[in-house]
Amino acid sequence: MGTNYIIKFAILLTFIHILLVFPNHVTGQINKIDGVIITRLDFQALQALKHEIIDARGVLGSWNGTRSAACSGTWAGIKCFKGRVIAIQLPFKALGGRISEKIGQFKELRKLSLHDNLISGTIPSSVGSLPNLRGLYLFNNRFSGSIPPSIGNSPQLQAIDLSNNLLNGFIPPRIVSSPKIYRVNLSFNSLSGGVPSSFSQSSSITFIALQYNNLSGLIPSSWDNKGGYQIRSLALDHNSISGGVPHSLGKLGNLEVLSLSYNKINGTIPSEITSLVKLRVFDLSNNFLGGSLPKDLGGLKNLSVISLKKNQFVGHIPRSFGKLSRISSLDLSENNFTGEIPGSLENLSNLTFFNVSNNDLSGQVPSRLSKRFNSSSFSGNLELCGFSASTPCFAPAPSSESPSLSPTETNNPPSKKRKLSTKDIILIIVGALLAVLFVLCCVLLCCLIRKRTGSNATNNKNIARGGKDVVLAGEASEAASTGGKLVLFDGPFVFTADDLLCATAEIMGKSPYGTVYKATLEDGNQVAVKRLREKLAKSPKEFEIEVAVLGRIRHPNLLPLRAYYLGPKGEKLLVFDYLTKGSLSSFLHGRGPEITIDWPTRMKIAIGITRGLNHLHNQENLIHGNLTSTDVYLDEKNKARVSDYGIHRLMTDTANTNVSATAAATGYRAPELPKTKHVSTKTDIYSLGVILLELLTGKSPSETIDGSDLPQWVASIVKEEWTNEVFDLELMRDVSTTGDEMLNTLKLALHLVDPSPDARPDVQQVVQQLEEINPKLAAEATEESTTEKVHH
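All the letters of the sequence shown, read from the start, carry residue numbers -28 to -1, 1 to 764 under mature numbering (1 follows the signal peptide of the UniProt record, and there is no 0).
The set of hints was computed from the structure by calculation and includes no laboratory data.
Bear in mind that the values here come from a model prediction, so they are computed numbers and not experimental data.
Where hints are given, some of them may not hold.
Calculated lysine-lysine pairs in the PhoX-like style (CA-CA distance at most 20 Å, straight line) [as the list claims (entries may be wrong)]:
{"#": "1", "residue 1": "Lys267", "residue 2": "Lys250"}
{"#": "2", "residue 1": "Lys223", "residue 2": "Lys282"}
{"#": "3", "residue 1": "Lys482", "residue 2": "Lys553"}
{"#": "4", "residue 1": "Lys79", "residue 2": "Lys152"}
{"#": "5", "residue 1": "Lys671", "residue 2": "Lys719"}
{"#": "6", "residue 1": "Lys282", "residue 2": "Lys236"}
{"#": "7", "residue 1": "Lys609", "residue 2": "Lys553"}
{"#": "8", "residue 1": "Lys223", "residue 2": "Lys273"}
What follows is a list of derived Cβ distance ranges for each label pair [stated by the list, open to error]:
{"#": "9", "residue 1": "Glu592", "residue 2": "Asp268", "range": "48 to 54 Å"}
{"#": "10", "residue 1": "Phe325", "residue 2": "His288", "range": "52 to 58 Å"}
{"#": "11", "residue 1": "Arg526", "residue 2": "Ala28", "range": "41 to 47 Å"}
Beta carbons: idealized from backbone N, C-alpha and C, even for Gly.
Let the hints inform the model, and build the full structure from the sequences given.
Written as structure tokens, this is what we have:
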């Protein structure tokens, strides 16, 4: 044992001797590996960068000391690897001045993120000499001049966002020369010239945003399968682009958004557009397009928005539009459409905006459309009737074979025009005053809506804006006062606040609590982000206490909260897993007629929702508070995951009161809530019962049926007899084998929506009864959840 001690001591002495004899060599290697000492070129470049920047808040005060400090993690916004700067991330720091040409010395720089500052001057051409640059994020600044032609030289460049600056000149064709480029946003500048043909030849680009510039010329006509096939979004709105819509756009098989509004495009819509089967947004409004619409346009089953207003289209509105089951907005106003409004449009249950005003349409407006939309959606069509009390539809005039009028009727001379009485004059004056008052109210309402829309547009432009700080859950670390704070809970991957802020985002939906986005991070991972309404959420301190509780909740049937973000201006973001199948509401009501959902699938979803709610009530002692089918998401195997649980605890009492009122409009609110004004486990049970009825009937609770809500309508039918009329027609195909299960589930659902809270069962009893209705399916769901938990 003594010998071993002597040997170890000798080894230690030898190591100390090496450190003393070769101090520079050894410590240099250690520091190089650890990235402690920055290279001389990068250090000089950082000093030059700081010298050119105006730092009003003193954010760069940490950029001091020797080379050994630059990569130690203490310099704001600087990330290093092996002594080389790989990222400069300084968004929302109120930085001014300009970017030094020395920026080109960072040969290992991968990300340059200076968005949302006040930086001006030109973009240095030396940016094009960064061989490893992957992301260039300079949006929301004051850069002027032209875009350097060299900017696309980096073979690693993936994303460029220079939007909302003061840039002018032409778009350099080489800006998309990188074989890895997938996103280019140059919108909201003063760029001129044409759209380079290189955009149509890139084989990797998926997102192009060039709207709100001064572009002219033609849309590139060389789109083909070799270049541009991956494009998902093409936005060229608010320019002066002319010519026709290229036929080759029909070859962009993955295109989801085609937005060309407010240009000078003419000609007709090429029939090849009907091959864009993934198209969701189709906006050609405010152009000079004419001709008739392609008849097969209604075959694009994924379309949710069609805007063709202010063009010169003629012919009839295609009846095939009635097949667009996912359509939410259809605007055909200010054209020259003729004929009748197709009755098939009445069946578009998701349609929330409809406008065919100022055309040459005739005939009677389908009754369902006239009830759902006001007269402004139909005005300006002289031969259109039935959409308001002032435009009644009269019976057709008598034909030649009709009995003629009696001689007395035909021979009577026209009656003389009577003079207006005092009463008539008073009525006319009162009517005129009311009309003026109505116009003033409309103007005021439009101003309020415009103001609100402008605010929402600003919010939607970027999901949120804030700092870069990342704080792991459980760590006692405070974000800088000038930035935001991101708190990560456990999850499948890690990301920074800057990754989140620079993500490509699109709106998935809105709720009384806020707006939900699908965000695609730079590495391709996708998350769902809910931006809470800032004025309705609790103070940051109260918010963090409550959200920490929600962040630790895990269950196979609950959508986990992965992170939250607090921005410097009060922004509050919640980050969840993104499930590609979307919500149960869209799964049931937003699908095409060719898609059916069998009973086992619906039963599996019902069991999953109930198990998730059971965990909340009995394991977490937590009330959901606003359970609807839009708060249930489905994975690829149709497993249900309940979201937004406990979110009411993050909001003020006033906000929750407003949400309760909104829930009443959507048909999920328990009848006792207007009196108690407090959610409980029993109000959750009522909402669960409505969802079960939704699965059974296929009807949306937001729509009244014969003047009754969904529970009332079902109860009125079964009161007379247990009839199959209540079930979704799709389920009747297999009623011989599943009829008993459906009937037992219906009885249970009616028990859950009992008007008396005390009569409703506890959620644990509901789980037990559902599992007894179909034990095999319940066992399979349990095994699937167990396997997933073990795998995780």
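How the hints compare with the structure:
For the hint pairing Lys267 with Lys250, the CA-to-CA distance comes to about 17 Å; that is within 20 Å, so the pair holds. A distance of roughly 26 Å separates the Cα atoms of Lys223 and Lys282; the hinted pair therefore is violated under the 20 Å criterion. This hinted pair checks out: Lys482 and Lys553 have alpha carbons roughly 17 Å apart, not beyond 20 Å. Between the alpha carbons of Lys79 and Lys152 the distance comes to roughly 18 Å, so the proposed pair stays at or under 20 Å and holds.
For the proposed pair Lys671 and Lys719, the alpha carbon gap of about 17 Å is at most 20 Å, so the pair holds. For the suggested pair Lys282 and Lys236, the alpha carbons sit about 11 Å apart, so the restraint of at most 20 Å is met. Restraint check for Lys609 and Lys553: the C-alpha separation of about 9 Å stays at or below 20 Å, so the hint holds. The hinted pair formed by Lys223 and Lys273 meets the criterion: a straight-line CA distance of about 17 Å does not exceed 20 Å.
Checked against the hint of 48 to 54 Å, the C-beta distance between Glu592 and Asp268 comes to roughly 51 Å, which is consistent with it. A hinted range of 52 to 58 Å is violated for the C-beta pair Phe325 and His288, which are about 21 Å apart. Arg526 and Ala28 have their C-beta atoms about 44 Å apart, which keeps the hinted 41 to 47 Å range intact.
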